[in-house]
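Novice: One letter stands for each residue in the lines below.
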Amino acid sequence: MDQRQKEIDNLKDYKYGFSTDIESTKAPKGLNEEVIKFISNIKKEPKWMLDFRLKAFERFKQLKEPDWQKPKYPKIDYQDLYYYSAPKSLDDKPKSLDELDPKLLETYKKLGIPLQEQARLNGIAVDAVFDSVSVATTFREELSKLGIIFCPISEAIQNHPELVKKYLGSVIPTTDHFFATLNSAVFTDGSFAYIPEGVRCPMELSTYFRINASNTGQFERTLIVADKGSYVSYLEGCTAPMRDENQLHAANVELIALDDAEIKYSTVQNWYPGDKDGKGGIYNFVTKRGLCKGKNSKISWTQVETGSAITWKYPSCILKGDNSVGEFYSIAITNNHQKADTGTKMIHLGKNTKSKIISKGISAGFSDMTYRGLVDISSKASNSNNYTQCDSLLMGNKCGAHTVPYIKNKNCESNIAHEATTSKISEEQLHYCQQRGLSTEEAVGLIVNGFCKEVLQQLPMEFAVEAQKLVGISLEGSVG
Amino acid sequence: MKEQLQRDFDNIIKNLSLSQKDIEIKRFYLDNFIDRGFPNRREEDWKFSDLNQIIKKNIGELSFYSDYTSTNKVDTSVFVDGLEHNKIVFINGRIEKIDFDYEKKNQIEIIDQSETINKFSNNNSLSDLNNAFTNKSFKILLKNGYQLQKPLIIYHTTNSKIWSKNINLRLDFELGKDSSLRLIDLFNDTSEKNFLNIFYNFNLKENAVLKNYKVDKLENKNIKYAYNNIEQDKNSISETFILSSGSNFFKNEINCNLNGEYSSAFVNGILSLNNTKHHEIRTIVNHLTENTKSYQLIKSVLENSSKAAYQGKIFVNSKAQKTDGYQLSKAILLNKDSEFNAKPELEIYADDVKCSHGSASGSLNEDSIFYLMSRGLNYQQSRELLINGFLLDVVEKITDSEIKNLIKNMIGIKE
Chain A
1 MDQRQKEIDN LKDYKYGFST DIESTKAPKG LNEEVIKFIS NIKKEPKWML
51 DFRLKAFERF KQLKEPDWQK PKYPKIDYQD LYYYSAPKSL DDKPKSLDEL
101 DPKLLETYKK LGIPLQEQAR LNGIAVDAVF DSVSVATTFR EELSKLGIIF
151 CPISEAIQNH PELVKKYLGS VIPTTDHFFA TLNSAVFTDG SFAYIPEGVR
201 CPMELSTYFR INASNTGQFE RTLIVADKGS YVSYLEGCTA PMRDENQLHA
251 ANVELIALDD AEIKYSTVQN WYPGDKDGKG GIYNFVTKRG LCKGKNSKIS
301 WTQVETGSAI TWKYPSCILK GDNSVGEFYS IAITNNHQKA DTGTKMIHLG
351 KNTKSKIISK GISAGFSDMT YRGLVDISSK ASNSNNYTQC DSLLMGNKCG
401 AHTVPYIKNK NCESNIAHEA TTSKISEEQL HYCQQRGLST EEAVGLIVNG
451 FCKEVLQQLP MEFAVEAQKL VGISLEGSVG
Chain B
1001 MKEQLQRDFD NIIKNLSLSQ KDIEIKRFYL DNFIDRGFPN RREEDWKFSD
1051 LNQIIKKNIG ELSFYSDYTS TNKVDTSVFV DGLEHNKIVF INGRIEKIDF
1101 DYEKKNQIEI IDQSETINKF SNNNSLSDLN NAFTNKSFKI LLKNGYQLQK
1151 PLIIYHTTNS KIWSKNINLR LDFELGKDSS LRLIDLFNDT SEKNFLNIFY
1201 NFNLKENAVL KNYKVDKLEN KNIKYAYNNI EQDKNSISET FILSSGSNFF
1251 KNEINCNLNG EYSSAFVNGI LSLNNTKHHE IRTIVNHLTE NTKSYQLIKS
1301 VLENSSKAAY QGKIFVNSKA QKTDGYQLSK AILLNKDSEF NAKPELEIYA
1351 DDVKCSHGSA SGSLNEDSIF YLMSRGLNYQ QSRELLINGF LLDVVEKITD
1401 SEIKNLIKNM IGIKE
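In order, the protein sequence lines correspond to chains A and B. Residue numbers for the first sequence, in our numbering: 1 to 480. Residue numbers for the second sequence, in our numbering: 1001 to 1415.
There's no promise every hint is true.
[What the hints assert, rightly or not] Among the chain A residues that face chain B by a calculated CB cut under 7 Å, a handful are:
no., residue
1, Lys109
2, Leu394
3, Asn397
4, Ala401
5, His402
6, Tyr406
7, Cys412
8, Glu413
9, Ala417
10, Thr421
11, Lys424
It should be emphasised that the hints constitute simulated quantities derived from the structure, not laboratory data. For each residue, glycine too, the CB sits at the ideal point set by N, CA and C.
Produce the complete structure using the sequences and hints provided.
Specialist: As structure tokens, then:
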């Protein structure tokens, strides 16, 4: 009875915690050249790609794992992981959705992403990544009519090598930091999107990441290139089953915006956060970086971080083109024993560049939340502007909220403004809501949603609704 | 550098009558320092100011030994006119004069601590250096209930007799219950290319009030580091004002532990720099119990290729409910090559707190200049007026009117 009650409780907390029983092909355990060759081989990659990986691996061997971050974690044994895991049924690629393993379809249906109906109903093109491979990409034909390429990156390597070769590693080089380099060596799949000149992508592109196999690290790589004058809005969602062990997710995301292009990248991250006592959960160590390469380009990151045992990421913008704009909107919520160290970097290189950072952090339970950010205006970035606002909300005195901004201004014609506050939900606000008949939980939900509104507004419609619900669920049980 | 350190250390030990045990302690710190060297940019706290590089570039080889046996003549012309005050005079690192003429002798105790080691630790190698090499150190004790009649001015004078030397100083203050002290640190250098490493410790008992004004105004080519540790008991108040302007490099570090309820700390600072100067203020305020309060305001005006940095941290532990913590840093960059770096940090573990920080940097507001010029001022005048007003804000925070006027006169700020 107790066991059952527990299960029910758990499910209430994290409804994506089921795992799919599916046979999978795995690379041999461990990290070495053989495994990298195995991955490259199974993906039928050309030689330049293998060289890219091996170069990264050479570099990786010299790097030390960083340890300056706030949330500490037990040492990861990189030899004890599987670097490749794929459902067996995908060994010889199915041609269409109808040939897809029904178990996989069922999984995505349970996650609320029914690949078939979705294709018809929602008008969102989805690339579904299951462990190390992309299982399905919808709406491809319709997109290709406009010249938009939207496919798994492993396909892009084969079908569009000139694009991949040109842009892969141009924002996050193989010589970057520890986790990014690891990803460059062993990445398995991910999405690739190319929007040709002057095209406004008519629908939201989206990738849905799912970790299923245990003991597996997920290393996906996403590359989005927006050519001159184009526009794309990209969504990313993630879930994982509940397991007692910690799983590593180290993805790289590269965005490139050429002249007058705009990329909007939204994430709702809901990896399994571990149980109430902090056991299990995903280590989400992701490198996301966008390059505003051309003039008047714009990159905007929006993230809602509710899951993961540890979130450690800084989606960044390099504002290289003159008049380019970078934006970062973030809500990060930690509850129970979750830890987050997240923020952004805005590197101003071009003239008249502008950036805006809005970060809202909410910590409850025993959790710890850190905003860490960098605003760097170089001496050449005349007439640039940055505005940063980070607010933290604390619930209870067992949790922590920290703000660590780095502000560097080397240009006397540029302005930087930074504001940060930390507080709790005021008694007056609570009282006001309760007076009007709301329960404490409802009142807190309402106030928190108001606190986050500035960021939620930035999300595309379909996501905003989901995110709003998620904010509520994540904080359940934290008031009392 | 290692041999030099060893040799100078042996010379210093010879002149001190220390017990074997104390020598061993000192040697331990020496070894620590040799191990770690001067702080460099790889250390988080020195990210914006790489002291190792700065010393290498500006001084080159340092020597750590000074001959303290002969006295220096005290030049009375440097004394502040028009303000009756008590004096401590350091010349080239040697205490030449301690003078509490205006005070009741039995209320102040001056204890020579040179023979005993009391250690400083602040996690950087400079405290090791100071522990190993300080020559004389005094503790100044204010008895319970005694409030100093006149302010105390500590003159830090260096003259051209020294060159490429490291000078280590330390003072320890204990403020008894209900006592109060007004302290001005006045830096007066005619020497060049020396590295001063100064450690102060303040222990504030219940209801004690400390007002510390640090004024580094005169142009000089020295490199300075000053560390203030302030321990505060119930209801105590500390006020620190820093004017950082004259030296080639100056890093002021204030570490304030609010241990008692209702204690409060105020830190205000001005960084007014020109040429290639590089100054930094770093503050750490630790709120360790309920109902404590801190307030910080740092303003910088940067000309030519000067560089300023501000690192401020407010730490609130989980017991420290009802904390008020406020921090603001503002900088005006006047020249293309000037640079301002800031790292205002909050680390908070209690929920019923009000903490905020703000940081802004940029150019002079062109609209304001236009406004003033349209009223008949020329560009230069308008600019000066704006900068004047910008800095006046900080000076106005000084709670002692006598000293406020003194400092206003010193920096030529008009009302």
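Novice: All the hints need checking, so say for each whether the structure fits it.
Specialist: Here's how the hints hold up against the structure:
1. Lys109: 41 Å, violated
2. Leu394: Check passed: Cβ of Leu394 (chain A) comes within 4 Å of chain B, closer than 7 Å.
3. Asn397: 5 Å, holds
4. Ala401: 5 Å, holds
5. His402: Since the shortest Cβ distance to chain B is 5 Å, the answer is holds.
6. Tyr406: At about 5 Å, which falls below the 7 Å cut-off, the nearest Cβ of chain B leaves the hint on Tyr406 (chain A) intact, so it holds.
7. Cys412: 4 Å, holds
8. Glu413: 6 Å, holds
9. Ala417: Because about 5 Å separates Ala417 (chain A) from the closest Cβ in chain B, which is inside the 7 Å limit, the hint holds.
10. Thr421: Thr421 (chain A) check passes; min Cβ-Cβ to chain B is 4 Å, inside 7 Å.
11. Lys424: Where the cut-off is 7 Å and the nearest Cβ of chain B is about 4 Å from Lys424 (chain A), the hint holds.
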